[in-house]
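2 protein chains.
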Amino acid sequence: MFDLDGYLAERSARIDAALDLRMPPAGARPARLHEAMRYSVFAGGKRLRPVLCLAAAEATGGSAERAMLPALALEALHTYTLIHDDLPAMDDDALRRGRPTNHKVFGEALAILAGDALLTLAFEWMGRAALDAGPAGARLVVELAAAAGSQGVIGGQAEDMAAEGGGKDPDRLRYIHEHKTAALILASVRIGALAVGAAQRDLDALSAYGRALGLAFQIADDVLNATSDPEQLGKAVGSDQARGKLTYVALYGIGEARARAAALAEESAAALAAIPGDTAPLAALARFAVERSR
Amino acid sequence: MFDLDGYLAERSARIDAALDLRMPPAGARPARLHEAMRYSVFAGGKRLRPVLCLAAAEATGGSAERAMLPALALEALHTYTLIHDDLPAMDDDALRRGRPTNHKVFGEALAILAGDALLTLAFEWMGRAALDAGPAGARLVVELAAAAGSQGVIGGQAEDMAAEGGGKDPDRLRYIHEHKTAALILASVRIGALAVGAAQRDLDALSAYGRALGLAFQIADDVLNATSDPEQLGKAVGSDQARGKLTYVALYGIGEARARAAALAEESAAALAAIPGDTAPLAALARFAVERSR
Chain A
2 MFDLDGYLAE
12 RSARIDAALD
22 LRMPPAGARP
32 ARLHEAMRYS
42 VFAGGKRLRP
52 VLCLAAAEAT
62 GGSAERAMLP
72 ALALEALHTY
82 TLIHDDLPAM
92 DDDALRRGRP
102 TNHKVFGEAL
112 AILAGDALLT
122 LAFEWMGRAA
132 LDAGPAGARL
142 VVELAAAAGS
152 QGVIGGQAED
162 MAAEGGGKDP
172 DRLRYIHEHK
182 TAALILASVR
192 IGALAVGAAQ
202 RDLDALSAYG
212 RALGLAFQIA
222 DDVLNATSDP
232 EQLGKAVGSD
242 QARGKLTYVA
252 LYGIGEARAR
262 AAALAEESAA
272 ALAAIPGDTA
282 PLAALARFAV
292 ERSR
Chain G
2 MFDLDGYLAE
12 RSARIDAALD
22 LRMPPAGARP
32 ARLHEAMRYS
42 VFAGGKRLRP
52 VLCLAAAEAT
62 GGSAERAMLP
72 ALALEALHTY
82 TLIHDDLPAM
92 DDDALRRGRP
102 TNHKVFGEAL
112 AILAGDALLT
122 LAFEWMGRAA
132 LDAGPAGARL
142 VVELAAAAGS
152 QGVIGGQAED
162 MAAEGGGKDP
172 DRLRYIHEHK
182 TAALILASVR
192 IGALAVGAAQ
202 RDLDALSAYG
212 RALGLAFQIA
222 DDVLNATSDP
232 EQLGKAVGSD
242 QARGKLTYVA
252 LYGIGEARAR
262 AAALAEESAA
272 ALAAIPGDTA
282 PLAALARFAV
292 ERSR
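Chains A and G are the protein sequences, given in the same order. When we follow the working numbering, the leftmost residue of the first sequence carries the number 2, and every step to the right adds one. When we follow the working numbering, the leftmost residue of the second sequence carries the number 2, and every step to the right adds one.
Extracted from the complex, chain A is given alone in its bound form:
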């Protein structure tokens, strides 16, 4: 049996140490901005995206070291989306991972700038990684940008906002899930594989894995928002329903949502069969995505 808890603890510690080393120091000018960036990066996140990136690199025969900088870029980018999503003009959330959200501590202006700066830093890191990854290294940059852009994560967030209080449109729900969350999870495994020059066959299998995993993860998120308690989750609970958000739970109910997330996690794990390398961590992460409590 794969020891996922031990694996996640070891990986998180390595990722945190690398982030600490690479982030501009808190004292660097402008100090308050760098403090705001660090506040959200070191807020106790699960590090799921960088962990997936490193695991994908290793499963396809590469080393975690070569995928580390791209992995950090994914986490910086993910953190920016959280800061901006929490803003008063967006989801207006006061709590994230059990702590006050960025704008509650640093004010709206600095929270916007800290998000912008983390997004930009993600591309600086991905650009540096691209320089080390050979002639096609810049594919890493393009992959991240396409996943994160107006037809990726940002597009999903825009539709999510537009759908609030609207009708129960299954097509729109699918669009939101595929873009807002799944796009970056898919990109995380693809980028890990691209960073170590994985074979096309492995890249294809990882893409199938990542696509199903991303959807499973977001459906599990919808379930957690409806069923968890705030202390456990570290953020507001029941807020989706209160805001009339278009979620899997709102459309199909909790039972159906749980069943669908489990089926997608299985589909995700099944896609790993095509990869000859060690996929035990990726398989365990697929289960984790739907069985986690936060």
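What follows is a set of in silico ranges between Cβ atoms, one per label pair, in the way DEER data are often shown:
1. Ala281(G) <-> Arg30(A): 36 to 42 Å
2. Ala10(A) <-> Leu252(G): 49 to 55 Å
3. Ser240(G) <-> Arg295(A): 44 to 50 Å
4. Ala27(A) <-> Pro277(G): 44 to 50 Å
5. Thr228(G) <-> Ala32(A): 30 to 36 Å
6. Leu252(G) <-> Arg100(A): 35 to 41 Å
7. Ala137(A) <-> Gln242(G): 48 to 54 Å
8. Ala260(A) <-> Ala29(G): 29 to 35 Å
9. Ala274(G) <-> Ala32(A): 37 to 43 Å
10. Ser208(A) <-> Arg202(G): 42 to 48 Å
11. Leu96(G) <-> Arg175(A): 36 to 42 Å
12. Glu165(G) <-> Asp21(A): 28 to 34 Å
Stretch-level coverage of chain G by chain A, calculated; a stretch enters the list once three of its residues show a Cβ under 8 Å from a Cβ in chain A:
13. 31-43
14. 86-99
15. 116-122
16. 147-155
Hints listed in this document are in silico derivations from the structure and should not be mistaken for laboratory results. Built from N, CA and C at the ideal position, the CB exists for glycine as well.
Using the hints provided, position chain G relative to the given structure of chain A.
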């Protein structure tokens, strides 16, 4: 005598056409987001940064075509800074280039997302350009990210906000000018040169040109804010003083500001002597930076 008006008209038209071709179509999902992005990109900007990028590429012996995609990336990035700077939590501006600002038309949430999406699109384009530019192509991405990040443009904006209503600190003013504006103008010429593989000597000369030009441009901006009229400028006038902004004019007065901008523009043009190629457009652009009326 170099015909700058004709040159700018021809270049702007080419840049606008290329932007139109490359931007996601206004009808692409999410339509309102793409409309918001296009609204600010096609708001009648001067296209100074892409024009500088193309001119630098040509002055160092390359073709404008090879620098076009990096040039578009610079304009997308510049446009995002304007959208976010105008937000209520930041400078709270209602007018930009004679039209309502992005958040006035599309609301705060979409304005934040449109800015985020343009920043991301800038890196998608720069990444694609990097793939065409050979093994060191990703330097383009790193150059842009470093210029735009927390120790570049965003750092300058953070200090600018923090300085409002504060003391008259010349060191802080210099930091704001060097980062908020000059960093991206410097990057524009460097990226043009890097995109066509310019010689190190040319890159050094262009860096001196860009650094002086960027400072000249921002001091001229401070003068325009204090002396122009809103119709001419297309945005609020006198707002710097009303807000207690730390500007060159506030610190040294209008006469001294004009003299300093002119001296920097000359310093900038003088740096071009080291470049064997045709630098007439760059020399004319240095004059334009301080003699423009908007």
